[in-house]
Amino acid sequence: MSINWYLAVSATVFCIGAAGVMLKRNPLVILLCLELMLNGANLSLIAFSRMWGNGDGQIFAIIVMVVAACEVTVGLGVIVALHRRRLPIDADELRELQG
Amino acid sequence: MIAAAATSIKAPYIDWAAFSPIVALICGAVIVLLIGLLPGRRVREQIVPGATVLTLLATLGLTIWQWGENTSIISGALAVDRLSLVLNVVFVATGLVTVVMSLRERATVQAGQGEYYTLLLASLAGMAVLVAAQNLVTLFVGIELLSIPLYVLCASELQREKSLEAGLKYLVIGSVGSATLLFGLSFIYGATGSTDFSGIAAALSSKGETIASNPLMLTGLGMAVVGLGFKAAIAPFHQWTPDVYEGAPSPITSFMSVATKAAAFGIFLRFMDVAVIDEALTWQPLLAALAAITIVVGNVGALAQTSVKRILAWSSVAQGGYLLVGIVVSSAAGLEATLYYLVVYVVMNLAAFSVVVARERETTHGDSLSAFAGLGSKRPILAVPMTIAMLSLAGIPATAGFIGKLNLIGASVDGDYAWLGVLIAIGSAISLAYYLRIVAVMWMPDRRGDSPETDRPHGQPEIIGLAIICSAATIFFGIIPSPIYDLVRGAGESIGLL
Numbered sequence: 368m369s370i371n372w373y374l375a376v377s378a379t380v381f382c383i384g385a386a387g388v389m390l391k392r393n394p395l396v397i398l399l400c401l402e403l404m405l406n407g408a409n410l411s412l413i414a415f416s417r418m419w420g421n422g423d424g425q426i427f428a429i430i431v432m433v434v435a436a437c438e439v440t441v442g443l444g445v446i447v448a449l450h451r452r453r454l455p456i457d458a459d460e461l462r463e464l465q466g
Numbered sequence: 009m010i011a012a013a014a015t016s017i018k019a020p021y022i023d024w025a026a027f028s029p030i031v032a033l034i035c036g037a038v039i040v041l042l043i044g045l046l047p048g049r050r051v052r053e054q055i056v057p058g059a060t061v062l063t064l065l066a067t068l069g070l071t072i073w074q075w076g077e078n079t080s081i082i083s084g085a086l087a088v089d090r091l092s093l094v095l096n097v098v099f100v101a102t103g104l105v106t107v108v109m110s111l112r113e114r115a116t117v118q119a120g121q122g123e124y125y126t127l128l129l130a131s132l133a134g135m136a137v138l139v140a141a142q143n144l145v146t147l148f149v150g151i152e153l154l155s156i157p158l159y160v161l162c163a164s165e166l167q168r169e170k171s172l173e174a175g176l177k178y179l180v181i182g183s184v185g186s187a188t189l190l191f192g193l194s195f196i197y198g199a200t201g202s203t204d205f206s207g208i209a210a211a212l213s214s215k216g217e218t219i220a221s222n223p224l225m226l227t228g229l230g231m232a233v234v235g236l237g238f239k240a241a242i243a244p245f246h247q248w249t250p251d252v253y254e255g256a257p258s259p260i261t262s263f264m265s266v267a268t269k270a271a272a273f274g275i276f277l278r279f280m281d282v283a284v285i286d287e288a289l290t291w292q293p294l295l296a297a298l299a300a301i302t303i304v305v306g307n308v309g310a311l312a313q314t315s316v317k318r319i320l321a322w323s324s325v326a327q328g329g330y331l332l333v334g335i336v337v338s339s340a341a342g343l344e345a346t347l348y349y350l351v352v353y354v355v356m357n358l359a360a361f362s363v364v365v366a367r368e369r370e371t372t373h374g375d376s377l378s379a380f381a382g383l384g385s386k387r388p389i390l391a392v393p394m395t396i397a398m399l400s401l402a403g404i405p406a407t408a409g410f411i412g413k414l415n416l417i418g419a420s421v422d423g424d425y426a427w428l429g430v431l432i433a434i435g436s437a438i439s440l441a442y443y444l445r446i447v448a449v450m451w452m453p454d455r456r457g458d459s460p461e462t463d464r465p466h467g468q469p470e471i472i473g474l475a476i477i478c479s480a481a482t483i484f485f486g487i488i489p490s491p492i493y494d495l496v497r498g499a500g501e502s503i504g505l506l
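If you read the protein sequences in the order shown, they are chains C and A. The first sequence begins at 368 in the numbering used here and counts up by one. The second sequence begins at 9 in the numbering used here and counts up by one.
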């Protein structure tokens, strides 16, 4: 099977994630979409690893999984802290800081 | 059987001496976290910062011990050379300043001293890994080890909503940047079959094809530049900067504005000038366009702001544009000019931020411009360092910022990008409008008459000391620039640039 199919799937997953980050309002869903972006990249790393026949890409993907877990943990921590302050869990309502 | 299996694994050789600065930072982070668990107020308020300072001094000592090394360690994952060692010194200095600024900070109490300083050290370790990385995997690990503690530190003032909001915003935007970077890196790996910078360079030159004819490599490089652009706050990926800088506790803002920037530009330099140096003609116009946009957007964006932290945030975007010029020309002179300007930028920006931190605690105006009204007659000891920092950021002669800009313009002319040099000059002219506005507010008589009696001038000699030291250094290096030249000289050759 051509590598293109794997890349197509990985790009699709990445784009779904990117679209979700931009469109979704709930920080929890945004965190989920960030995971999708990272996993899209993971998929392409593993496909390329298979294509080149070396393990570099697979090792990279495993390390990315660890990092992604850390990121989500921190994200959830911040969301819990926001919740304790009874701030709205809605990205549109977070406008204390005007860009 | 387990023993037999264990002996059959051959661990890679690790040059512990060259690796020692990073090991010191990580061990220090663990120790500080454990000390923070001990009971007693004195332990938390004195011993924890003390241990952090000791860790940083140990790292500095080990870095100086390794000075002059030029090796790659751990199977080529990290490079110990002039570039990474100079930046290590910058990180340690910034770390020390941040510890001093944080001593009376509310965030350290709310987040817990042990945790706060551990996260600071972990972030510094990430920076040290990042600027030494010469492998895509180490690059990604470094950038995440740098960012994740910073997300927490931004949100560390748990009782203040702006701080939490800044943390969440930085987390989301930073993670989008990381994911984009990762996707780009996976394409670069796919195009070359190697995660090693030198392997990538070899694969590109052996195929005899240019990046432009290889869509995989082109896409990958583009996305990697976007991802790094998010971290380095390069326009148009800078929108998070003013919000996050304003919301984060001021010592952390100051830390982010200098150390994160230095780390992002450090890896930018190494990646561009080692992995894809043979294709410089392809990516130079792209980066030149980004540099031009960044200089214009940063300087124009700062004009309309009324919060000093926001002005400094936009100014840091503009300064990032100047730094990018040194990367565009991809020569040893350009690299050294960028490194020179980074060192100078750290010194003058820290001077400005220490005054901001001091004023934030003395008045009820926070970081708004009115907190600085009439400062010249009330607190000249703070007004003079701030004035020097502003003039140096604008690039007035006899300050270090002037020499730094001169080097960058010289490198851009030598590298056939004279128009970028002109743009640096134009950008500096625009920047005078907002830097001098701060200076004017400080020295003009306070006409409103209601000279804020809300001032609580309580002793914070350490911050005033910092402001004076950093501004004195700004003047010193503006008149005698040779120490910094000696520091950065050879950084270009150490990674194989002409």
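Please keep in mind that the hints were generated in silico from the structure rather than gathered at the bench. Computed from a prediction, not measured in an experiment: that's the story for all the values here. Ideal Cβ positions, reconstructed from N, Cα and C, are used throughout, including at glycine. Where hints are given, some of them may not hold.
[What the hints assert, rightly or not] Facing chain C, a subset of chain A residues (Cβ under 8 Å, in silico):
(1) Leu144
(2) Glu152
(3) Tyr159
(4) Leu179
(5) Leu190
(6) Thr203
(7) Leu377
(8) Ile404
(9) Trp427
(10) Pro469
(11) Ile472
(12) Ile476
(13) Ile477
Against the structure, the hints:
no.: 1; hint: Leu144; result: holds, 7 Å
no.: 2; hint: Glu152; result: holds, 5 Å
no.: 3; hint: Tyr159; result: holds, 5 Å
no.: 4; hint: Leu179; result: holds, 5 Å
no.: 5; hint: Leu190; result: holds, 4 Å
no.: 6; hint: Thr203; result: holds, 5 Å
no.: 7; hint: Leu377; result: violated, 16 Å
no.: 8; hint: Ile404; result: violated, 31 Å
no.: 9; hint: Trp427; result: violated, 30 Å
no.: 10; hint: Pro469; result: violated, 32 Å
no.: 11; hint: Ile472; result: violated, 29 Å
no.: 12; hint: Ile476; result: violated, 31 Å
no.: 13; hint: Ile477; result: violated, 31 Å
Checked against the numbered hints given earlier, this structure breaks hints 7, 8, 9, 10, 11, 12, 13; the rest are met.
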